[in-house]
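So the chains spell out like this:
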Amino acid sequence: MSRDLREVVVVGASLAGLRAAGALRDAGYDGRLTLVGEEVHLPYDRPPLSKALRVDDLPLPDDGLRAEWRLGRRAVGLDSRRRVLTLDDGHTLRYDGLVITTGAAARGWPDPHVTLPAGVFTLRGKDDTEALREALGAARSVVVVGAGFLGGEVAAAARALGLEVTLVEAAGQPLERAVGERVGAYIGRLHQEAGITLRTGRTVTAFHGGERLTGVTLSDGTGIAADVAVLALGAVPATGWLEGSGLWLDDGVRCDAALRALRTDGSPVGSVVAAGDVVRWPHPLADGEPVALGHWTNAVDQAVVAAGTLLAPERPLPFDGLPSFWSDLHGVKIRSVGLPGLADEVRVIELDLPGRTLEACYLRKGRLVGALTVNRVRRLAGYRAQLRADLSAGLPAGLSAGPSAGLPAERSPLTGDAVPALP
Amino acid sequence: MRITVDMNLCESHGQCVFAAPDIFSFDEEDYLVYEPAQPDELFAAAEKAAGSCPVRAISVQRDAS
Ligand SMILES: Cc1cc2nc3c(=O)[nH]c(=O)nc-3n(C[C@H](O)[C@H](O)[C@H](O)COP(=O)(O)OP(=O)(O)OC[C@H]3O[C@@H](n4cnc5c(N)ncnc54)[C@H](O)[C@@H]3O)c2cc1C
Ligand code: SF4
Numbered sequence: 001m002s003r004d005l006r007e008v009v010v011v012g013a014s015l016a017g018l019r020a021a022g023a024l025r026d027a028g029y030d031g032r033l034t035l036v037g038e039e040v041h042l043p044y045d046r047p048p049l050s051k052a053l054r055v056d057d058l059p060l061p062d063d064g065l066r067a068e069w070r071l072g073r074r075a076v077g078l079d080s081r082r083r084v085l086t087l088d089d090g091h092t093l094r095y096d097g098l099v100i101t102t103g104a105a106a107r108g109w110p111d112p113h114v115t116l117p118a119g120v121f122t123l124r125g126k127d128d129t130e131a132l133r134e135a136l137g138a139a140r141s142v143v144v145v146g147a148g149f150l151g152g153e154v155a156a157a158a159r160a161l162g163l164e165v166t167l168v169e170a171a172g173q174p175l176e177r178a179v180g181e182r183v184g185a186y187i188g189r190l191h192q193e194a195g196i197t198l199r200t201g202r203t204v205t206a207f208h209g210g211e212r213l214t215g216v217t218l219s220d221g222t223g224i225a226a227d228v229a230v231l232a233l234g235a236v237p238a239t240g241w242l243e244g245s246g247l248w249l250d251d252g253v254r255c256d257a258a259l260r261a262l263r264t265d266g267s268p269v270g271s272v273v274a275a276g277d278v279v280r281w282p283h284p285l286a287d288g289e290p291v292a293l294g295h296w297t298n299a300v301d302q303a304v305v306a307a308g309t310l311l312a313p314e315r316p317l318p319f320d321g322l323p324s325f326w327s328d329l330h331g332v333k334i335r336s337v338g339l340p341g342l343a344d345e346v347r348v349i350e351l352d353l354p355g356r357t358l359e360a361c362y363l364r365k366g367r368l369v370g371a372l373t374v375n376r377v378r379r380l381a382g383y384r385a386q387l388r389a390d391l392s393a394g395l396p397a398g399l400s401a402g403p404s405a406g407l408p409a410e411r412s413p414l415t416g417d418a419v420p421a422l423p
Numbered sequence: 001m002r003i004t005v006d007m008n009l010c011e012s013h014g015q016c017v018f019a020a021p022d023i024f025s026f027d028e029e030d031y032l033v034y035e036p037a038q039p040d041e042l043f044a045a046a047e048k049a050a051g052s053c054p055v056r057a058i059s060v061q062r063d064a065s
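Here the protein sequences come in this chain order: A and B. Quick note on numbering: our numbering labels position 363 of the first sequence as 363, and the sequence is numbered without any gaps. Quick note on numbering: our numbering labels position 34 of the second sequence as 34, and the sequence is numbered without any gaps.
Because the hints were derived from the structure by calculation, they are not lab data. Incorrect hints may appear among the rest.
Said to hold, decoys possible - Pulled a few chain A residues facing chain B out of the computed Cβ check, cut under 10 Å:
(1) Trp248
(2) Val300
(3) Val337
(4) Arg376
(5) Arg384
Said to hold, decoys possible - Partner residues are not named here, just some residues of chain B that face chain A (Cβ under 8 Å, in silico):
(6) Cys10
(7) Val17
(8) Ala50
Heads up, the beta-carbon is just placed ideally off N, CA and C, and yes, glycines get one too.
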């Protein structure tokens with residue numbers, strides 16, 4: 001372990017931040033540990049927020065991490081050369097090691113000139129869910145804008161509460177870009193069978209109502225009455241506070257394979273690592289193209305690797321986790337592994353709407369990059385094993401070759417596979 | 001060591017099967033199957049599986065010795 005690491009600061013006290021802090025302690029880090037979090041809450045889990053509109057706190061380790069918590073405090077600036085962080089109360093924190101886990105925020109309405117009436121919500125945190133829950137309790141009808149996973153889940157939850165629900169999607173099918181047309185259509189049918197009105201190929205062009213929302217207009221000119229609207233337009237990585245820090249910001253914090261934050265010239269900043277939704281890094285499945293993932297398991301896996309990199313900077317090991325994602329819709333379990341969104345070809349192996357099963361695999365240039373199943377998780381395990389084997393067989397150029405090639409391989413903390421250290 | 005999975009919580013996410021295939025698997029109906037009594041050599045794998053379960057259904061106890 002590096003001896004000069006006495007002062008670690010984690011910015012962003014949610015899933016990735018908590019897990020990174022835990023991984024540092026598990027690996028024997030005994031110095032000071034500070035967690036800075038903008039939210040006033042201790043870490044909680046986000047997936048239940050859109051599923052049952054429920055809040056589940058994340059369990060803290062018994063010893064409470066022996067950390068100093070700065071909750072309700074936002075980091076507003078970073079000087080990565082002097083290793084100083086500035087908080088919104090003007091205080092500064094010095095660090096030897098910094099873990100960036102600020103995640104992402106819900107994307108707002110794209111046109112800043114539109115004033116949104118009360119009753120229009122986005123969903124990212126506990127407070128959002130509580131506000132939405134309350135509004136839905138007094139509402140009869142809701143419009144959900146965006147039929148991605150989050151929008152679909154919110155629509156399903158509102159429908160389960162007995163509301164009239166319209167789901168508006170710009171693409172031809174829900175999730176078309178993420179999972180392909182046929183699988184998207186399958187998910188669309190699930191929504192329709194549950195009594196949700198699905199309006200694809202359209203966008204919302206106006207919100208009506210003075211103080212309170214009364215309805216929206218769609219791009220085809222039709223109007224829909226609604227007491228509540230939920231914008232589910234995706235997430236934006238929370239990097240605003242890093243402007244001017246010297247770090248490379250590119251729709252996320254650009255990192256290398258070991259999750260070291262990079263400078264704009266592409267060189268790693270030794271003392272700064274990142275994990276979770278805020279990271280954009282070269283994923284081997286994407287032929288080394290940088291990707292950002294909004295996945296629970298990715299945040300958990302990256303946290304472990306980022307902590308390891310911080311503790312052993314002389315031996316940075318590449319992240320070799322495999323993405324996996326889930327969503328629950330109308331009682332159906334959608335599970336995926338890999339990165340289906342990268343595919344140029346979708347093979348639907350099984351598709352049974354009444355039987356509630358689905359199996360599809362995703363290829364890019366003829367190579368397996370992902371799979372998605374509904375109630376067929378056993379088969380998903382098979383795809384995952386294949387993806388794992390493919391990845392271990394051919395770590396991407398730059399990882400397996402180069403200056404590190406002569407060094408003995410180490411074991412990945414995630415998978416136990418032999419991996420070469422990065423230069 | 002002893003493994004317990006709260007099957008009321010388990011949603012067949014499969015993360016435990018991915019993390020520790022020597023301990024966990026699925027049957028034909030997608031139900032999780034596992035043997036509760038496991039050798040201590042698998043402790044690290046079991047802990048990893050517990051940490052990767054999104055609904056925290058898994059608990060692992062070392063045998064009292
Ligand atoms: C409603 C919802 C449902 C989801 N469902 C699923 C699902 O079913 N399956 C799945 O795989 N994933 C799901 N996800 C995604 C999953 O929750 C995320 O991948 C995960 O939360 C990422 O963790 P993180 O710690 O990287 O970021 P976040 O959870 O976004 O946490 C970042 C934290 O940093 C704080 N922060 C931001 N900026 C600052 C700053 N400047 N200073 C201090 N603190 C700051 C934020 O307030 C926040 O608390 C869902 C997400 C949401 C919102
Ligand atoms: S990871 Fe958890 S939810 Fe998933 S199959 Fe294992 S025990 Fe069940």
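The hints, checked one at a time:
This hint is violated: Trp248/A has a C-beta 30 Å from the nearest C-beta of chain B, more than the 10 Å allowed. Interface hint status for Val300/A: upheld, as the beta-carbon distance to the closest one in chain B is roughly 6 Å, under 10 Å. With its C-beta approaching chain B no nearer than about 8 Å, Val337/A sits inside the 10 Å limit, and its interface hint holds. Restraint check, Arg376/A versus chain B: the minimum CB separation of about 7 Å is within 10 Å; hint holds.
For the restraint placing Arg384/A at the interface with chain B, the shortest Cβ-Cβ distance is roughly 6 Å, inside the 10 Å limit, so the hint holds. A cut of 8 Å between beta carbons decides the hint on Cys10/B: the least distance to chain A is about 11 Å, and the hint is violated. Satisfaction of the interface hint for Val17/B is found here, the shortest Cβ-Cβ separation to chain A being roughly 5 Å, below the 8 Å cut-off. Evaluation of the Ala50/B hint against chain A yields a violated restraint, the C-beta minimum of about 11 Å exceeding 8 Å.
In this structure, the hints that do not hold are numbers 1, 6, 8, in rising order.
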